[in-house]
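Peer 1: Letter by letter, the chains look like this.
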Amino acid sequence: MNLVPNLLLFGRVLRAAGVHVHRERMVDAIQATEWVGVKSRADLRATLCALLVHRHEDLPLFNEAFDLFFRAHGSSELDMPLFSLGERARVVTRRDAGAPHRLDVEEPESDADASAAFALGAYSTVEVSRTKDFADFTAAELEEARRLLLRLRWEPGIRRTRRWQRSLRGDIDMAALLRKNVMRGGELIELPRRVRREAPRPIVLLADVSGSMDRYSRMLLSFASGLTRSARHVESFVFATRLTRVSRYVAATGGHRVVSRMVRELHDWGGGTRIGEALRTFNTTWARRVMRHGPVVLIVSDGWDRGDPELLGRELARLRRRCSRLVWLNPLLGSASYEPLTRGMQAALGHIDDFMPAHNLKSIEDLARQLRHGNTQHL
Amino acid sequence: MSRAPLSIPASVDALQDALGGERYVAERGLAVPIYLALRLRRPLFLEGEAGVGKTEVAKVLAAALKTTLIRLQCYEGLDVNQAVYEWNYPRQLLEIRMIEVAADLDRAAVTRELFTEAFLIKRPLLRAIEETRERAPVLLIDEIDRADEEFEGYLLEFLSDFQVTIPELGTIRAAEPPIVIVTSNRTREVHDALKRRCVYSWIPYPSFEKELRIVSSKVPGASERLARQVTAFVQELRTADLYKAAGISETLDWAAALVALDRDVIDADVVHETLGILLKNQEDIDSVRGERVSTILARALT
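If you read the sequences in order, they're chains C and S.
Take the first sequence: its letters are residues 1 to 379, numbered as in my numbering.
Take the second sequence: its letters are residues 1001 to 1302, numbered as in my numbering.
In isolation and in its complexed conformation, chain S is listed as follows:
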């Protein structure tokens, strides 16, 4: 198959423009690590609180580089069968029955036939290194902190040589290694051995200016005034002592909800009516409801 290798932006500025073209606001602190990961061909390790846009980086990067995104969602107990490949046993059994009916059972030939690509179920890691790909994909390994140490160990091996050995088929090696993005919500410490291999970036909650730009570009229906008020309120809310702070996606959902309600400004009533979009924890909602909303609102709107 003809290959068109990935073209990587020539500079940090070019990368910022490309990401901006996909309506993603990346400041230098994030654009530089992404650029370095691309140039050095190293995995990018993104850490930060839930809802700061880590997964989004992978999606946007794939779009900007005009390549596919392959996503592996991690969980405890994730194993090779789910992450790399599995033989399609039911289909193999059916095939055996069919051969039996045809009554030409040559054992050696059957085994050869049963273990071919047609019977292989390719999981994300294998798909990411397939030789038949036109160009290297972006491989998103999402929420690595949810996986257990066993899987982390396997991943370490995979990331160092980008090859998979299937006993029945042989070794499959990436012609061009994928762009790997690993994210972690930091619910546990990921092993240093893995992180050391990567370009590391901590994504904080966005500043007011950045979040305002995100709201304006993602919720075009919101007026300038509403976008400002929404952003200011969420920024203020994040400083309140809560179990779970609102992420960027909550801000965007809330802005969209207010647009749907035809609001141009926010007040205590509408905040109360829509608080469930910003805070997903009953104790948090209870603790903010009432006077505290007014206090936060007052501070946000000054």
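So here's chain C without its partners, still in its complex pose:
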């Protein structure tokens, strides 16, 4: 049986499909098929999966590729791959763990939608007003603002980690005290001290991309990339009727290309909002994984909610308990005549720490300053 070349080919198919296959594991896999045998398809699957996959989110991709490659029909058809590398297009897609949609970041931008207009303005020296509403921006101004946002410095508060480090002040480090002084016959000559190391708090961004937020959404995702660049741990999610994690895509690119791509791929982009349900999904599915170390949570939404306000209140309360600070950014707050009267906003107000505008550059700069200096609470 001609297994080895096929295994190597399968490894290449997996790689082409976006699974990180380590070369050494490939060698192990060939060895392992000898030990486990290839009589049982299930065993072969388990063997290759254990060695070639090391991420939970790659499992569906692996299974799809395995089914295509080792399609069972008959006894010893393992040496008959059903598609060659040239036909791999069907599996060259990636799925985000929480996203039902396929997003492909790497593919070059092909169509000439709004992003082309941004590209034109890339070298312009447009003077952007810091107080002009994003909604009134021209394409060139948006591009300039985008670049300003990418440069903005973010320091979302500091937390004390549980790791100790040497310091000139702080508590006496008993272990180090003894260690240093045992050598001197137990006389206390040095008094080493230690403090808990500090680290920036993570940021979790939950951005509303429903229809009513349309004029702001693109800008806010640029804001998210800027955030991802300057603060170390940022998790980004977008929601309209459902919640999608976009952290990897936001981090992977400079910004607008991925944004226009997401606009096309997320079919509920520009749809109605169900904030409560989106937060419920966040709390049940994602919170355990991304709400570590007392993060600062930023919700960006105008509060136009078609869902149940009671649910929204309940889920916000739960979210509030798990973060150090809950900030609601509402672009409408920039308008002098706006009052937070929508049912959603009413339900939310009791649970949030800061309620701030996010409609122009100045407001975003204010936010950055506020996060830098404002007191974050507990956790």
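It is possible that some hints are incorrect.
What the hints assert, rightly or not - So the derived label-pair ranges between C-beta atoms look like this:
1) C:71 <-> S:1267: 23 to 31 angstroms
2) C:148 <-> S:1280: 45 to 53 angstroms
3) S:1122 <-> C:170: 23 to 31 angstroms
4) S:1217 <-> C:30: 49 to 57 angstroms
Unchecked claim - Here are the simulated lysine-lysine pairs, DSSO-like style, with alpha carbons at most 30 angstroms apart:
5) S:1280 <-> C:180
6) S:1210 <-> S:1280
7) S:1280 <-> S:1059
8) S:1218 <-> S:1122
9) S:1244 <-> S:1280
10) C:39 <-> S:1210
Calculated directly from the structure, the hints in this document are not laboratory data.
In this text, a Cβ means the ideal position worked out from N, Cα and C, and glycines have one as well.
Since the structure of chain C is already known, use the hints to place chain S on it.
Peer 2: Chain S in isolation, oriented as in the chain C frame:
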């Protein structure tokens, strides 16, 4: 010391039998990765929701291989002093005082004496590679996702050469590397560099058949009927939209509780009385209590 190297089951079937002998139900999807980790001498990386039996794999494997289990529980800030070794400073100081009283203070000799194994506190990673072991132990590095990146970096180094250098003593190297099992609840992404070194296995919540077998074998007091009903109810409950689903250990606790209450069947009343064993989150309990219990029960018992 005489060494009896670990004997590894000769095939996946033999391994399944050995695990079955310890009353652990491992289907092929799990038995194959365990077998490969043993054969390839690579760490086994087990990922899955809390309560699907990841830690149990290490315990059972140690028993099946007739070797010891060494466990390192991870947490943020875990450092070399807690994970690898530490000198027993208080004892060293006492020793110094005693030598002083005896009044024969030869500085060089004292230092030599103070930094010997008698004053060394061995933590799990060092214990796992001690040369004096009769046979390689199973080293369980539990909940690696709780540790910080610093520790992950150290672990990467440790797993690649299984040796520890103590400046005062020299390098200690494992005669036979331990069987390493790393678990993660996936509260954060563990670095790919570490996972790539390992044989990876995702443990899902068990199927009805598997969970029923686990309940029957672990709670022998439960009747066939009760075991079926308990399993069906928990399986149904897991599909409900909850913050924290019930794990296998919750199923087993619940089955044992129902046996203790002399129940042979479950009904809405007894579910309400014992719901706290299955769900540990007040909001979850509130949302299920009442009519929803009856709905879930009805679906489970059909």
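Peer 1: Next, verify each hint and record whether it holds.
Peer 2: Do the hints match the structure? See the list:
1. C:71 <-> S:1267: 23 to 31 angstroms: Distance hint for residue 71 of chain C, residue 1267 of chain S is violated at roughly 48 angstroms.
2. C:148 <-> S:1280: 45 to 53 angstroms: holds (47 angstroms)
3. S:1122 <-> C:170: 23 to 31 angstroms: holds (29 angstroms)
4. S:1217 <-> C:30: 49 to 57 angstroms: violated (37 angstroms)
5. S:1280 <-> C:180: violated (47 angstroms)
6. S:1210 <-> S:1280: Holds - the C-alpha atoms of residue 1280 of chain S and residue 1210 of chain S are around 23 angstroms apart, at most 30 angstroms.
7. S:1280 <-> S:1059: holds (25 angstroms)
8. S:1218 <-> S:1122: Not satisfied, since the Cα-Cα distance of roughly 35 angstroms exceeds 30 angstroms.
9. S:1244 <-> S:1280: Within the cut-off at roughly 8 angstroms; holds.
10. C:39 <-> S:1210: Given pair residue 39 of chain C, residue 1210 of chain S holds - Cα atoms ~24 angstroms apart, limit 30 angstroms.
In the structure shown, a violation is registered for the earlier hints numbered 1, 4, 5, 8, in ascending order.
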